[in-house]
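J.: Heads up: the sequence shown begins at 1 in the numbering used here, then just goes up one per residue.
No lab work stands behind these hints: they were computed from the structure. Worth double-checking, as some hints may not be accurate.
As the list claims (entries may be wrong) - Label-pair distances were calculated between CB atoms; the ranges are: (1) Ala576 to Pro325: 36 to 46 Å; (2) Leu387 to Pro325: 58 to 68 Å; (3) Asp629 to Leu315: 38 to 48 Å; (4) Leu395 to Val492: 36 to 46 Å; (5) Leu535 to Val209: 42 to 52 Å; (6) Leu315 to Glu603: 40 to 50 Å; (7) Phe640 to Glu544: 50 to 60 Å; (8) Pro586 to Thr347: 53 to 63 Å; (9) Ala585 to Val300: 47 to 57 Å; (10) Ser259 to Phe491: 47 to 57 Å; (11) Ala576 to Lys296: 36 to 46 Å.
Quick caveat, the model's predicted, so the values are computed rather than measured. Note that the Cβ used here is the ideal one computed from N, Cα and C, for glycine as well.
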Amino acid sequence: MVATTPSAEGRVLSNGLARPVGKGPGHMKHILGTASAAALILGGGAAGAQGFDLGEIVIFANQTETEAFRVGVTVETLDADDIESGPASGVAETLDRLPGISVNANGGPGKSASLFVRGLPDRYTAVRLNGIDITDPSSVQTQYNWGGLSGAGLDRIEVLKGSQSALYGSEAIAGVINMTTFRPTENGMSYRFGVEIGSFDTLRTDVSVGYRSDTAMLALTLSQVDTDAFSAADENQGNTETDPFKGRLALLSGRFAVSDIVTLGFDAIYEEQETNIDAGGGVGGDADRPFFTDRKGARVYAEIETGTVSHEIGLSRFETTRQDPLTPFGSPRFDSSRTEADWIATTTAPLGPLAFGLAWTEEEATFSNGTFAYRTASAFAEYQMALGEDVDLTLSGRYDDNSRFGGALTGRAALAWRPAEGTVVRASLGTGFRAPSLNELFGPFNTLVPNPALEPEESRSAELGIEHRYSGGAFVKATVFYTEIDNLIGFVSGPPPLFLGGYTQTPGTSTAKGLELSGELPLGQGFSLIGAYTLTDSRLATGERQPRVPRHDLLLGIAAEMGNGWAGQVLVNHVADRIDGFPAAPVPDYTVATLQISYDVTEAATAYLRIENLFDEEYQTAAGFGTSDRAVYFGIRANF
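Could you build all of it, start to finish, from the sequences and the hints given here?
T.: Next comes the structure, spelled out in structure tokens:
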């Protein structure tokens, strides 16, 4: 997809700031303020006396920015406060608190972490950072490893659910996660910093510096994480060693209005991670097994106003290198790159915004058996129509032509209907596809022969939801969803004793269906009761359950504004009815609580104390892998 951030006036801007400078994510409404547990859980905020907040904008659900009450698909939103107050283990665990999302980690920070959206594995979720596709084409399936992303420098996350290939192309079957980073919100210099210390000798620091004027913006974020962590393999099974993690991240963004017609901009990413993968030594611990990941990328763009039509032209490059020097098998190094060029135009049609454009992508990956690549050319269009004061319909379509497997045509229809004040009904239908990864086509795990004849997986999804917001700040939201995927790609093992095999199309249809509920109830005196529940039935093509997906995922909490600068939140997450392991079998349910208390030291600085796994629960999110015992963290955040 042309991964862009549209402006409030309908122009699509890739840096998240609309022209004139000052209307990007930094100016968007903080959903719940400082006691943001409800936004953490629910991705939405309390409405005012007139029902929906007309200033709440959703950036990525359509090709142009859209008021939230006009969006016909489910979107969950986190702002900077939500992200900064999340768990020490990173962004994935913060996202885990949202309805419809579950996370499984193979150990602590920096280890492999998978994010499931509505019961589907992360190979079915597209991921963007500042408009750059940051998934790894050299992975077994093209996907993003969430294990090391701390959240430093992130200003906003939007989770768009359901098949969205009509907007984002391949991988967008379960949904899309879009992240944007720190931008200054006022003219002059802006600063943000944070420092956190705590259990497992953890130290997290980050600093952001920004400059803004009427015609220019520049923003820089630097962050680091150092922690001894704990054994990736569960310590309760005799794994006594630590598996430490170090991470470094740099983010740089800028834009400059050359004239009233032309604006130039860029975004850049550089990341280094070093972690220890458990070497499987068993009881008594084992030796270090370092694993290194480097990521770097950049996007440059030009915005051009030509009267009734606005244009954006962009070019991006993203590279990933993973090294496992002590691996006992396979390749010790994987390299990948992705180059994208895109053009999008927006204009105003009789019933609303019309967007259309072209994109070109080349993905390349290097394995132990060689270097392989494919290219995709794309064309897309979208029409947002106001069919009346209370009804909005958005139609989106896209055609992708791949140099290996040919064409894929996808579409989406999304309807938002407001039958009464404070109420919105959402309904959407969408199709999607997942292109075979370069690893599935040619990688070293195809131990018989490569299979360049693989075709894309194809999906169909539907959702129906209703949301109502009361004048006193309470709200309730319910959504039913269904996704099916066929033309599946699977690994087929050969006969013993070698079990040589490869990837091939497999028969059958996998399905994921369920119910998402969320709500908030103000209790008075600054207290609010908040909650989210997801019921998921995710099935493989064989009819067996999808491993690691909980049937029941319940989160309850109390958020409080206690006055005199004090705020707090208590969250309790109960996860039940999962299977995992080889062969898959039921695994124990678990209940984990988190407590956080914060105090505004000054108008610009906040100190906080966070206790994770408050009751020291022994549990696993992935069979055989460790999780944190009770852990205590103290930190200070400041913005000025």
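J.: Please go over all the hints and tell whether each is borne out by the structure.
T.: Hints, one by one, checked against the model:
{"no.": "1", "hint": "Ala576 to Pro325: 36 to 46 Å", "result": "holds, 40 Å"}
{"no.": "2", "hint": "Leu387 to Pro325: 58 to 68 Å", "result": "holds, 59 Å"}
{"no.": "3", "hint": "Asp629 to Leu315: 38 to 48 Å", "result": "holds, 47 Å"}
{"no.": "4", "hint": "Leu395 to Val492: 36 to 46 Å", "result": "holds, 39 Å"}
{"no.": "5", "hint": "Leu535 to Val209: 42 to 52 Å", "result": "holds, 45 Å"}
{"no.": "6", "hint": "Leu315 to Glu603: 40 to 50 Å", "result": "holds, 41 Å"}
{"no.": "7", "hint": "Phe640 to Glu544: 50 to 60 Å", "result": "holds, 55 Å"}
{"no.": "8", "hint": "Pro586 to Thr347: 53 to 63 Å", "result": "holds, 55 Å"}
{"no.": "9", "hint": "Ala585 to Val300: 47 to 57 Å", "result": "holds, 51 Å"}
{"no.": "10", "hint": "Ser259 to Phe491: 47 to 57 Å", "result": "holds, 55 Å"}
{"no.": "11", "hint": "Ala576 to Lys296: 36 to 46 Å", "result": "holds, 41 Å"}
The structure agrees with every numbered hint stated previously.
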